[in-house]
Amino acid sequence: MRLPQSAIELMHREQLEYLRDWQRQAYEAGLVGCDYPQASGGGGRSHCQRIANQEMQRAGRPFLPNILGLGMAAPTLQIHGNDFQRETLLPRLFSCADIWCQGFSEPGAGSDLANVQTRAERHGDGWRITGHKVWTSLAHFADWMILLARTDRERKYQGMTYFVVPISANLDETVRVRPLIKITGETGFNEVFFDGLEIPDHYRVGEIGQGWEVAQTTLLHERGGGPMVTPSSGHGGTPERALGDAYALLDLARRTPRGAGTAADDPVLRDRIMQLIIRQEGSKQGARRARVPALCDHPMRLALQPKLVMSEIRQDVCALAMEIQGAAASLSIGDAHAPDGGEWTLGYLNSYGVTIAAGSNEIQRNILGERVLGLAKSK
Amino acid sequence: MRLPQSAIELMHREQLEYLRDWQRQAYEAGLVGCDYPQASGGGGRSHCQRIANQEMQRAGRPFLPNILGLGMAAPTLQIHGNDFQRETLLPRLFSCADIWCQGFSEPGAGSDLANVQTRAERHGDGWRITGHKVWTSLAHFADWMILLARTDRERKYQGMTYFVVPISANLDETVRVRPLIKITGETGFNEVFFDGLEIPDHYRVGEIGQGWEVAQTTLLHERGGGPMVTPSSGHGGTPERALGDAYALLDLARRTPRGAGTAADDPVLRDRIMQLIIRQEGSKQGARRARVPALCDHPMRLALQPKLVMSEIRQDVCALAMEIQGAAASLSIGDAHAPDGGEWTLGYLNSYGVTIAAGSNEIQRNILGERVLGLAKSK
Amino acid sequence: MTQPRDFGFDADITLLRDTARQLLRDRLPTDALHRLVAAEHDPHRPPACNWDPQLWQQIVDLGWTTVAVPEDTGGAGMPLVALAALAEEAGRAALPSPFLATAAATLVLRQCQSQAARELLHEIAAGRTATLAITPRSGAWETHACDLQLDDGRLHGSAWYVQDAAKAEVLIAKAAHPDGLALVAVPVTTKGVELVPDAIVDLTRDQAHVHFDAVPAGSAQLLAPPGTGAAALEAAWPAVLTLVAADICGAGEWLLQTTAEYARTREQFDRPIGFFQAVKHPLVNLMIQLDQARSLTYHAACAHDCEPEQAGKFARMAKAAAAEVAAFGANRAIQLHGGMGFTWECAVHLYTKRQKHNQLLYGDAMYQRARLAELLLA
Amino acid sequence: MTQPRDFGFDADITLLRDTARQLLRDRLPTDALHRLVAAEHDPHRPPACNWDPQLWQQIVDLGWTTVAVPEDTGGAGMPLVALAALAEEAGRAALPSPFLATAAATLVLRQCQSQAARELLHEIAAGRTATLAITPRSGAWETHACDLQLDDGRLHGSAWYVQDAAKAEVLIAKAAHPDGLALVAVPVTTKGVELVPDAIVDLTRDQAHVHFDAVPAGSAQLLAPPGTGAAALEAAWPAVLTLVAADICGAGEWLLQTTAEYARTREQFDRPIGFFQAVKHPLVNLMIQLDQARSLTYHAACAHDCEPEQAGKFARMAKAAAAEVAAFGANRAIQLHGGMGFTWECAVHLYTKRQKHNQLLYGDAMYQRARLAELLLA
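Taken in order, these protein sequences are the chains called A, B, C and D. Per the working numbering, the very first residue in the first sequence carries number 407; after that it's consecutive. Per the working numbering, the very first residue in the second sequence carries number 407; after that it's consecutive. Per the working numbering, the very first residue in the third sequence carries number 128; after that it's consecutive. Per the working numbering, the very first residue in the fourth sequence carries number 128; after that it's consecutive.
Be careful, since some hints might not be right.
Stated by the list, open to error - Computed far set for chain C versus chain D, every beta-carbon distance over 10 Å: (1) G135; (2) H161; (3) V187; (4) E198; (5) E250; (6) Q276; (7) D278; (8) E296.
Said to hold, decoys possible - Ranges between beta-carbon positions, derived for each pair: (9) A:G667 x D:Q185: 51 to 61 Å; (10) B:E434 x D:P156: 49 to 59 Å; (11) B:R582 x C:E434: 50 to 60 Å; (12) C:R398 x A:N488: 31 to 41 Å.
What the hints contain is simulated information worked out from the structure, not anything from laboratory work. Since the structure is predicted, the reported quantities are computational estimates derived from the model, not experimental observations. Beta carbons: idealized from backbone N, C-alpha and C, even for Gly.
Can you build the whole structure from these sequences, using the hints too?
Have a look at this one:
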């Protein structure tokens with residue numbers, strides 16, 4: 407079975423079950439959620455998750471499939487959630503009993519996220535949800551979704567409220583999931599339609615009208631800058647180096663014939679590989695520096711960079727890999743002769759998922775310019 | 407005597423007189439203004455200036471010093487001016503009897519040119535000018551200035567009127583010129599203060615309130631896209647290749663030691679030189695294509711590119727020359743050991759004059775995006 | 128010899144180009160193209176060759192395949208800039224067809240002096256399709272690199288990365304021989320020829336590798352006898368590179384205009400996104416780079432006819448500039464389309480994939496610049 | 128050995144750094160710097176050495192010159208990251224001083240085993256200034272490149288691109304000898320030493336070339352005897368590169384913050400120009416690149432102390448990243464300041480010129496990457 411490179415590339419239930427089993431075992435071994443309180447199903451420790459991650463990565467483990475839950479839902483529910491959300495939902499999230507997805511983007515609310523139109527209306531003691539979410543990774547497998555919905559049409563930012571909503575339990579009734587096909591031809595993300603889904607009030611996260619503030623916690627963690635360290639165990643590449651890692655280009659170049667020697671002998675290619683290795687190492691050391699307060703000028707400056715920087719490095723690494731491969735980069739993953747099984751070219755196409763999603767990189771640059779450099783808002 | 411690379415680098419009257427004499431001779435030989443009507447002092451021909459330019463450039467002539475007059479004032483006066491302006495002023499402009507400068511920019515009107523605050527107020531039959539212009543190349547030598555002034559404070563774009571104003575005749579009376587020092591340490595551009603300069607009404611160009619429209623003709627020619635071809639004879643570099651020409655890097659690299667050989671043996675430097683030669687050749691062929699209507703999709707698309715593109719190529723060429731030179735690029739034009747007399751480093755610093763002036767390149771990109779691609783105005 | 132100011136782009140060529148553009152706009156609008164080539168999306172789908180032979184027949188009827196064939200072999204003998212203009216239109220439509228492959232074959236045949244070559248040129252003018260089979264398994268673009276041997280009148284070995292092989296009737300095979308490289312015409316149906324389709328990323332092309340098992344190569348098939356093949360290929364090569372550059376320029380223009388249209392209409396923050404300089408300026412940079420590549424392409428085409436000793440240099444420039452803009456334009460088109468740009472249903476991916484293929488075909492920008500440096504610093 | 132998580136940047140070093148920053152902010156604010164170094168603007172001005180010796184004495188009193196000197200030779204023996212932090216502050220202030228030159232000399236001396244080197248380290252800790260005289264006229268940065276000979280106890284030849292030579296009291300001269308390179312301490316006042324100032328673009332430094340005419344080089348001056356000089360230089364070199372990278376990061380941060388401040392306050396089109404993404408996004412890109420260079424610099428400094436076998440690799444990365452950001456930051460700072468940025472009176476040019484000097488000093492980014500590739504692909 408081929409494992410995809412990341413959770414958003416998950417297509418088949420067979421892949422999911424394999425990875426779900428791995429996450430459950432990692433959780434039972436205390437490697438997932440160790441920094442969360444025991445009441446939330448966590449390990450009740452502090453500063454342990456980073457070490458657990460390093461150990462799992464060193465061991466070359468595959469990734470944890472419930473990444474959207476671990477990286478976004480869990481910290482948000484821990485910080486803003488109620489007892490039900492923390493004590494009932496989080497343990498199942500960590501053990502991978504429930505798969506989570508994120509319902510923020512809509513057709514008219516991409517970069518302009520605060521423009522969400524999906525409605526949550528009071529209905530008895532609870533709420534009724536109606537609307538249309540897009541680019542929803544894992545929705546086809548998901549049991550729960552974190553949802554940003556409009557509760558007041560008169561106000562833009564103060565008119566949103568944050569919920570958790572059950573997906574699989576209502577599938578093909580008040581919730582419909584339509585798979586979208588990516589440019590790679592793979593499925594893996596979806597449109598989700600809500601047609602009057604009814605939920606109780608204790609599925610609401612934070613106060614009514616405070617959804618934008620709650621969502622900031624989610625987004626900060628998504629960008630890699632939040633206070634909770636996301637459990638993360640590895641990737642889908644070789645145990646040594648993730649595909650998309652700049653150092654892996656060294657090996658690729660050494661294996662690829664060019665002229666009388668290999669691509670590793672070509673000084674211009676060497677120069678371009680070095681550029682990427684330097685950017686990647688600079689970003690890695692930046693993540694290290696982010697934890698040394700005396701070497702940080704501004705608390706958000708390094709924290710807000712990882713998603714932006716790493717997504718572009720990965721895109722450029724894959725593009726350069728294709729140049730290294732030359733003619734052979736034309737071959738797709740279905741071809742027996744494709745070098746490295748065609749994963750570099752596939753990785754190139756998939757890299758846009760990350761430069762576009764979770765606030766396009768254009769928006770990330772706005773955020774950095776405005777929050778860190780204090781420049782006037784561009785919108 | 408060292409000749410500067412372009413008119414905006416003119417510092418000394420001795421340089422000016424040498425070049426003025428050359429322009430007068432070129433004019434008398436029919437090589438300057440040949441496409442203008444004879445009534446304007448021109449040659450009364452059509453499509454000749456381009457050929458004259460090529461011949462002068464091939465012969466390795468220095469540049470024509472009255473470049474702001476030839477490139478901006480002359481086409482504007484020819485198209486929008488009255489009989490006095492065309493018949494009295496233009497012949498003296500072509501022969502270099504009068505030197506011209508441009509008075510558009512102000513401290514608060516740089517990229518936002520339409521924000522000019524210099525006032526022209528009715529005074530008897532004429533006008534009285536009060537205000538402050540900056541970045542005025544050649545003002546220290548100039549006899550005349552083309553001036554954009556405000557005649558109506560209530561309206562931004564319709565509140566401006568275009569004039570020609572005498573500078574040298576009123577110097578140190580109602581006109582004061584203060585030299586500014588460039589980052590190179592050279593003089594060559596100026597602030598100009600008007601303290602109630604009085605001019606007759608026939609110095610007005612176009613209708614009252616139409617200054618912005620008249621200025622568009624000036625700016626279009628400044629960007630290299632106007633209908634009148636600017637007389638242009640060469641540059642200050644070697645006769646073979648202008649300094650700042652990408653092809654000149656080949657020779658520089660061949661002459662510069664690096665490792666066991668020369669910089670021309672370094673494959674990475676070779677690659678970077680090729681990149682610049684290709685951009686430059688592409689821009690040159692673009693200027694050729696601009697005159698083949700069947701190969702142009704939009705009338706302004708190629709016409710608006712030259713200033714933007716060539717200024718950045720020149721900047722990048724000079725920067726790369728410094729990398730080729732390595733340690734020796736630290737030496738300034740005053741140093742006996744500076745390669746090529748330090749002109750590349752000086753040229754690098756001066757290159758910002760062109761990427762900033764005449765509508766910064768950021769503004770040029772706006773104009774191209776808005777006028778050619780039809781994108782929404784960014785302001 | 129100097130070049131004409133207008134690149135030789137005269138009224139006849141303008142008409143040819145405009146007719147081509149109209150034909151493709153009518154017969155293969157983007158939604159039809161998507162239905163034609165993107166019906167199957169599974170990345171593990173088997174290799175396919177999706178194209179419209181009826182449309183190709185119309186193209187043949189319009190004379191595209193005669194353009195580069197000399198008049199004395201039944202063609203129109205038009206300047207290369209005419210062929211480049213057609214390639215540009217093919218790129219703009221992301222046309223799946225044997226046009227580029229056949230045109231490249233034509234240009235090589237023009238450099239062969241043999242009767243066999245003249246006959247094949249006649250057949251191409253009449254609509255027969257052909258493709259070059261000249262690349263070894265390593266993917267090296269150098270003329271001398273070859274995995275195919277001509278031995279005792281028979282071909283043994285293989286050729287790789289054969290463009291649009293499933294649409295071609297004749298292979299122009301490059302073969303090593305003790306006396307030097309030869310070029311041999313091999314009908315694809317010849318016994319001993321095994322054409323193995325590749326699964327490729329570009330949905331608007333097909334590609335194959337070909338095994339030759341003692342395929343007969345008689346003198347009637349010898350386009351260029353041993354020892355003359357390299358010179359013919361090298362003389363034709365600037366023109367071949369120029370055509371790929373032209374395809375890129377056409378496809379690049381489609382990406383530019385489609386993305387600009389999206390930026391004019393898609394609204395976020397209550398404004399069309401083209402208002403934002405993070406959208407506007409990359410599009411302007413793309414336009415500038417495209418214009419440079421396009422101008423260099425016409426220049427290279429014109430050099431091929433008017434100053435052939437300069438053609439190699441200018442073709443390297445054109446392909447280098449085009450390869451850069453192929454990558455940059457594909458990149459920005461997806462990114463600026465946002466989530467839509469990442470979907471299969473949005474046609475941007477068809478052009479993106481064609482451009483990535485074009486970028487690398489016959490050598491990317493770095494490769495071309497290295498060759499250019501050899502020419503300029505010789 | 129692995130690195131400490133915090134790069135070894137402890138509370139003592141933080142205090143040292145913060146004190147340095149405050150001192151330079153108080154004693155050399157930007158307007159004072161401009162008066163000090165930019166009073167004369169004529170590009171043909173004679174070579175000058177503008178600095179503030181009183182400020183330098185304060186710096187010596189604060190112990191900067193002891194930081195990298197080992198404790199057993201009278202110094203503080205602090206980690207390299209402490210010295211890098213000071214270099215960063217020197218860069219932030221664009222400080223004209225012999226600090227960087229003396230620090231580089233110190234790092235080289237630490238790699239010499241001789242009594243002469245130990246004595247000079249003692250003197251440096253006490254405030255004596257020094258600089259490296261190790262570059263040939265060609266400007267080659269390779270260790271073996273040398274225009275100076277040690278012959279029969281005397282030095283003949285020349286050294287070029289000597290940094291801050293007019294502020295240094297002792298030259299650390301690299302000299303060729305039949306047994307291999309030697310390093311020799313030569314007081315600048317020695318008979319036969321002719322120091323010729325260069326006219327340079329950077330106003331915050333001085334530079335010279337030095338002629339040696341049979342200058343005596345007795346054994347008491349031999350820092351590294353023939354055959355041991357190359358190893359000493361090469362062992363010190365990662366640290367020297369790291370310091371230049373640190374200077375760049377400091378100066379780059381000044382350019383970033385100064386330009387950001389301009390973008391917050393300068394208005395055009397009735398808005399602060401920082402509103403426009405054509406201003407905002409380049410500043411963000413500059414910040415990101417600066418942060419990468421700065422993180423790599425601390426990493427390289429820490430490697431020098433904790434995993435010296437890795438130091439060469441990481442120092443090349445740091446200098447390469449820093450050289451790129453030196454050029455990019457200088458470029459954007461001028462451009463985004465518009466007309467003001469092009470004037471002598473705006474201090475941006477002081478930093479721009481320092482950064483262009485820093486960019487090229489000891490090899491630009493391409494050069495460092497080529498060396499890095501040799502290490503990674505060995």
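These are the hints, each one checked on the structure:
1. G135: holds (39 Å)
2. H161: holds (32 Å)
3. V187: For C:V187, whose nearest Cβ neighbour in chain D is about 49 Å away, the distance exceeds 10 Å, so it holds.
4. E198: holds (51 Å)
5. E250: At about 50 Å from chain D, C:E250 clears the 10 Å cut-off, so the statement holds.
6. Q276: holds (34 Å)
7. D278: holds (39 Å)
8. E296: holds (46 Å)
9. A:G667 x D:Q185: 51 to 61 Å: With a Cβ separation near 57 Å, A:G667 and D:Q185 satisfy 51 to 61 Å, so the hint holds.
10. B:E434 x D:P156: 49 to 59 Å: The hinted range 49 to 59 Å holds for B:E434 and D:P156, with Cβ atoms some 57 Å apart.
11. B:R582 x C:E434: 50 to 60 Å: At roughly 56 Å between Cβ atoms, C:E434 and B:R582 fall inside 50 to 60 Å, so the hint holds.
12. C:R398 x A:N488: 31 to 41 Å: holds (38 Å)
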